[in-house]
Amino acid sequence: MTTEFLWQLPTSGDGRYGNSRKERRAERASSAHPYSDGVTDPRGLSFNYFDYLHQVARAADLAGFDGIRIPEDINGDEPWIIAGYVARGSRHLKLVTEFDASRGSSVYAAKNTVSYQRFTDGRFAWQISAGGDDKHRRALGDFVADSEINPRIEEFVTVARGVLTQSPYSFKGKYFEVLNGGFQGALSNQKVPPIYLSGKSQEALALSAKVADFHIFDADTVESIQQQIQELRALAKPYGREPAFALRIDIVSRETEDEATFDARRYWQQSEQGNHQPVINGNLWAGLSTDTTAANATLVGSYEQVTEALVAYAAAGVSSFLLSSVPHFEEAYRLGEHVLPAVRAQIKHDQRRAA
Amino acid sequence: MTIDVFWRIPTHGEPSSHRNRTPHRGDWFPGDDTKAKPGSVGGTGQGYIDYVAEIARAAEISGFQGGLIPSFPMTDEPWVISSLLARETSTFRFMIPFQPGFLNPVVAARMTASLQRATGGRALYNIITGGGGPAQLWWGDSASHDDRYGRTTEFLDVLKGVWNGGPFSYHGKFYQVEDAGLAHPLSQEEYPEIYFSGSSDAALASASKHADYYLTWLEPFDQLREKFDRVKARTQILGRKIKCAIRVDIIARPTEEEAWAEIEKGFNSLSREALDKFQNPDASDSVGAARQRGNRPTTINSYKDLIIEPNVWSGFSLLRGGQTNGIVGSYEQVAERLDQLVALGADAFILASTPHLEEAYRVGEEVLPLLRGKTDTAILRAVG
Ligand SMILES: Cc1cc2nc3c(=O)[nH]c(=O)nc-3n(C[C@H](O)[C@H](O)[C@H](O)COP(=O)(O)O)c2cc1C
Numbered sequence: 001m002t003t004e005f006l007w008q009l010p011t012s013g014d015g016r017y018g019n020s021r022k023e024r025r026a027e028r029a030s031s032a033h034p035y036s037d038g039v040t041d042p043r044g045l046s047f048n049y050f051d052y053l054h055q056v057a058r059a060a061d062l063a064g065f066d067g068i069r070i071p072e073d074i075n076g077d078e079p080w081i082i083a084g085y086v087a088r089g090s091r092h093l094k095l096v097t098e099f100d101a102s103r104g105s106s107v108y109a110a111k112n113t114v115s116y117q118r119f120t121d122g123r124f125a126w127q128i129s130a131g132g133d134d135k136h137r138r139a140l141g142d143f144v145a146d147s148e149i150n151p152r153i154e155e156f157v158t159v160a161r162g163v164l165t166q167s168p169y170s171f172k173g174k175y176f177e178v179l180n181g182g183f184q185g186a187l188s189n190q191k192v193p194p195i196y197l198s199g200k201s202q203e204a205l206a207l208s209a210k211v212a213d214f215h216i217f218d219a220d221t222v223e224s225i226q227q228q229i230q231e232l233r234a235l236a237k238p239y240g241r242e243p244a245f246a247l248r249i250d251i252v253s254r255e256t257e258d259e260a261t262f263d264a265r266r267y268w269q270q271s272e273q274g275n276h277q278p279v280i281n282g283n284l285w286a287g288l289s290t291d292t293t294a295a296n297a298t299l300v301g302s303y304e305q306v307t308e309a310l311v312a313y314a315a316a317g318v319s320s321f322l323l324s325s326v327p328h329f330e331e332a333y334r335l336g337e338h339v340l341p342a343v344r345a346q347i348k349h350d351q352r353r354a355a
Numbered sequence: 001m002t003i004d005v006f007w008r009i010p011t012h013g014e015p016s017s018h019r020n021r022t023p024h025r026g027d028w029f030p031g032d033d034t035k036a037k038p039g040s041v042g043g044t045g046q047g048y049i050d051y052v053a054e055i056a057r058a059a060e061i062s063g064f065q066g067g068l069i070p071s072f073p074m075t076d077e078p079w080v081i082s083s084l085l086a087r088e089t090s091t092f093r094f095m096i097p098f099q100p101g102f103l104n105p106v107v108a109a110r111m112t113a114s115l116q117r118a119t120g121g122r123a124l125y126n127i128i129t130g131g132g133g134p135a136q137l138w139w140g141d142s143a144s145h146d147d148r149y150g151r152t153t154e155f156l157d158v159l160k161g162v163w164n165g166g167p168f169s170y171h172g173k174f175y176q177v178e179d180a181g182l183a184h185p186l187s188q189e190e191y192p193e194i195y196f197s198g199s200s201d202a203a204l205a206s207a208s209k210h211a212d213y214y215l216t217w218l219e220p221f222d223q224l225r226e227k228f229d230r231v232k233a234r235t236q237i238l239g240r241k242i243k244c245a246i247r248v249d250i251i252a253r254p255t256e257e258e259a260w261a262e263i264e265k266g267f268n269s270l271s272r273e274a275l276d277k278f279q280n281p282d283a284s285d286s287v288g289a290a291r292q293r294g295n296r297p298t299t300i301n302s303y304k305d306l307i308i309e310p311n312v313w314s315g316f317s318l319l320r321g322g323q324t325n326g327i328v329g330s331y332e333q334v335a336e337r338l339d340q341l342v343a344l345g346a347d348a349f350i351l352a353s354t355p356h357l358e359e360a361y362r363v364g365e366e367v368l369p370l371l372r373g374k375t376d377t378a379i380l381r382a383v384g
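So the protein lines, in turn, are chains A and B.
According to our numbering, numbering within the first sequence proceeds without interruption in unit steps and concludes at 355.
According to our numbering, numbering within the second sequence proceeds without interruption in unit steps and concludes at 384.
Don't read these hints as lab results, they were simulated from the structure.
Hints should not be assumed to be uniformly reliable.
[Unchecked claim] Pulled from the structure, derived: some chain A residues nowhere near chain B, Cβ distances all over 10 Å:
#1 H54
#2 A83
#3 S319
[Said to hold, decoys possible] Looking from chain A toward chain B, a few residues come up when the C-beta cut is under 7 Å (computed):
#4 D77
#5 I81
#6 Y85
#7 A87
#8 V107
#9 Y108
#10 N112
#11 S115
#12 F119
#13 G122
#14 L140
#15 G173
#16 V178
#17 A186
#18 N189
Each residue gets a CB set at the ideal place from its N, CA and C atoms; glycine is no exception.
The task is simple: from the sequences and hints, build the whole structure.
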């Protein structure tokens, strides 16, 4: 099995500090780094955060990541637009674009996806998430009950896959319908976007068992991830399927463990969390950051330690790593240089030995 | 005051001339695969988007504002094309047609604000509401004609409400939101200019409330004047102002004979089936499409039978997909006819001609400089 490494595009802000959420590099309109009046600033209003996002995507491409995750954050820019914006500047990145099933018609999403696939050589992928809490969803014009979230995702996926793979295709469900749909000619037979789902609840796991190509687990100990993988495997078995298992985890990695720990502490202070201390379990730190696009936990350690930890998750069954680290531009290069090659080599080595 | 001139992006490939349908650019009509066609996917890693990018660049270099990027079941999609070409273009404005019913309005607001940020404010809409019939259900939409327009109006209510940050709440028949609003810095962007297409009464009701430009296909000139007056009167009742725009194909050549020769060759290469289908189109509830058909003779033996007034030919949809009336003539005649349309109320044009790449240069170089637009000669004389 191949293992993929996805970098995260920081869709709502990024900078050098632990509270980088408040900063948008290159955003000139509300410049975070103005020059004094005594120095000519050649930038004017020429740039904004999109230029930076483009650089991060290029960095991930050049540093050897297999793809990027483009998270949906109501405070940031819209993922489908970002995916298009970075598509032509990257050559092989898989573009895992997050949204929730209230975004509109499933046929329309599939139709747009056909063009993405045609224009990117099939690099477009979907992460469909549950959306936020009640209040958050109402602000997005979405009034369905919690219990309907997963059934709606299932219909969304069913209809999209239907029109992408069959013509004519008809379906009439509770949330979506289509009559004699499907694509013709050049629009037909485009790659069905790989579908990433997530969630800890029984309903979420049951849905992934049925329809996900990837199920994303929040960062946790290897033992816990292993257990969750076994649980999902068992749920998927009756359908004759096995989704791939993905891990969403942050990283603070430096040449030495001391440097990593020092920087992690500094990030934590900068992220202004008061007395709320991170919970440290070996190299795994929970609660290091409050950023909503941050992972549940962070691997803190030397390049070797982080490599070892990632290899252990791979051995437990994880084949897709959704990584991020602040600032995303510099850290893409760091991990691409110091961690990914070692992790890939070790996983290959272990797989060869196992075979 | 000046008029705005847009070009069009062909989103379903295109023939290399009006004369016949092959060779065809793009990968829609696989014919002779031994001939490398521009914009077809080959082993070279090129695709249709590369051809589309060329057209967008040609249009901006040639002096067009931007282009309309049509969306139909068999085309590529305008949101995708716009976001992909954001960095490759400088002044090109992306006119995105979409049916509001297909997108959550808050998501649409986020997409649009992000596209504005990605392009430096070059996104605008053509709000369309669908032509009903089987195509509407193909899209997964079973709403009736007038319900669709009600939904369009509510969609634009919500879009406007959330645009500058809210908090905005709304309880309509089709949409509800609670404490919604774009976050900073998305909330700082210009609201997209709204072109609006649709000819029915329901369309006019919606357009008069929300549109900046009422967009129509070309119709006989007198009929258009009446249509524009009606739209303007209706909008004035609401205390608003609206401008008018025309989407029209042109064939402009150094001489009128050369221009009609293009049409004649194209017409003579048509099959009997193509003509039959032209006279018996698929079911649709589109009032606009019916208005276009209404001006045609019932028997068609020559291309000349489709000349419905001087320099206006009503058979364009035979030569390529889309609407049917267009202007044919010398550079001077085409410019003159467009200026007559300005005189009867047009404030903007979306022009097109096949092939869009080379014709962008031709029209930009030969026709646009002849247009007087809203030049007021009296004022010019007084100043100069
Ligand atoms: C200038 C113009 C452009 C249009 N572009 C599209 C388009 O890109 N996609 C589409 O599905 N319909 C398009 N339409 C059709 C409209 O969506 C709508 O079906 C039509 O105007 C019928 O509405 P009516 O009954 O009010 O005339 C366009 C119409 C006009 C006038």
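Query raised in the report: Which numbered hints are broken by the structure, listed smallest first?
Result: Failing hints, ascending: 1, 2, 13, 15, 18.
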